[in-house]
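A.B. asks: If you're matching them up, the sequences are chains A and B in order. Going letter by letter, the first sequence gives residues 1 to 224 in the working numbering. Going letter by letter, the second sequence gives residues 1 to 224 in the working numbering.
No lab work stands behind these hints, which were simulated from the structure alone. Predicted model, so just to flag it, every value in this text is computed and none were measured. You may find that some hints are simply not true.
The list cannot tell twin chains apart, which means a pair is met if one copy fits it or any two copies do.
Below 30 Å or equal to it, Euclidean Cα-Cα: the simulated DSSO-like pairs (lysine-lysine) are [said to hold, decoys possible]:
no. : residue 1 : residue 2
1   : 66        : 144
2   : 217       : 173
3   : 128       : 66
4   : 173       : 148
5   : 173       : 66
6   : 217       : 128
7   : 32        : 173
8   : 66        : 32
9   : 148       : 32
10  : 209       : 144
11  : 92        : 66
12  : 32        : 209
13  : 144       : 182
14  : 148       : 182
15  : 217       : 32
16  : 144       : 174
17  : 7         : 128
18  : 217       : 148
19  : 7         : 92
20  : 7         : 144
21  : 66        : 148
Protein chains: 2
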Amino acid sequence: MTRPVEKIALIVAGGAGNRMKTGIPKQFLLLKGYPVLMHTLDVFYRYDQGMRIILVLPETEIPAWKRLCEDYGFQIGHEIVAGGETRFHSVKRNLAKIPDQCLVAVHDGVRPLVSVSTIDRCFATALKFGNAIPCIEIPETMRKLSRKGSEQVDRYRYRLIQTPQVFDSEVLKKAYAQEYRKQFTDDAGVVESLGYTINLVEGNPENIKITYPHDLKVATAFLQ
Amino acid sequence: MTRPVEKIALIVAGGAGNRMKTGIPKQFLLLKGYPVLMHTLDVFYRYDQGMRIILVLPETEIPAWKRLCEDYGFQIGHEIVAGGETRFHSVKRNLAKIPDQCLVAVHDGVRPLVSVSTIDRCFATALKFGNAIPCIEIPETMRKLSRKGSEQVDRYRYRLIQTPQVFDSEVLKKAYAQEYRKQFTDDAGVVESLGYTINLVEGNPENIKITYPHDLKVATAFLQ
């Protein structure tokens, strides 16, 4: 439990943010006066000031991000790399930069409200069992669509999945050596397809993804 | 489609709000300066100023609510009735007050952000097909707990369910004539257990249930 293992955060901010209907990619939108991504990197920095942070951005957005870092005097050290066509490709092409025998946390750049304790739970469990992903309970009654319309299901048997998703780097590389399939909506799904069991840990309910304009309002409320 | 049918809102605010850890029941907490319940009643009033609104409160909270209505000069007409032990019992004991051949919208008192258009969609579909409930898509990757841990499921085949849930009053009464079962987590489940097909319509994402303190912050953000 105390073996020293390098921890790396791979923060994926590949999206061009078209759903926001602003010209600005959603990872650059301001949340309490700072671009969303700066909040995200800050949480990982607060979790472990010595950890390596790799930020994946669309190639075209890299100059804008560098300018933002200068303008805001952003001091948290990180490497910047270019993403691919989809989130899957953004992770896949950058795993070559990750050494073997370390733990890598893949995190959505647009989840600035992940808590330090969620990150800590993920790494602690991944250290013991090889992987861990954060989840929360389903907040409402839930139905499953069916041929006859829909039917109620037991929501307590389901979980909503968040990031960071933490994996042994070798397992993650092996998983991402596969060809892309459309059911690969998160890293856990890619790893699971090789037959690995995924370990769930408790996330934090504020850890929402900034996707729509109202998400930014909600995130602002959570930060108050 | 144009047959005139009486529409009634049965607003259930039976909870004592212990999860809020305030002394105040959550339906009385202030949202933008007004008790949550006043916002809720106001949306139904804006949907149809002539509709009958029946408010179900814990017996012990009725005097406090009447005082709030006086203090805030709350003008929207409504009947106040006492609830039962659970939400199921609160609905069941008050259905006797609802005439046959009308449409009744059962709504959670702590969902003040339901939109007029969600209410309208529910009534319009229930008028045609006998019932309608609002739903939204699942916002995240989802997993189902299983013997081996968990497995990813296709979230696009599921929906989160909201209120108001609108039914032909006779069907609702027949459904609530049943004994309570623990899987009856909403009205649609009670009606469905008699073999009726439930019709889904689009809800609105802001239509959250005020359950935890952070929900109040989120609701405030949505109202801005």
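A.B. asks: Hint numbers the structure violates, sorted upward?
C.D. replies: Hints 1, 2, 3, 6, 7, 9, 18, 21 contradicted; others consistent.
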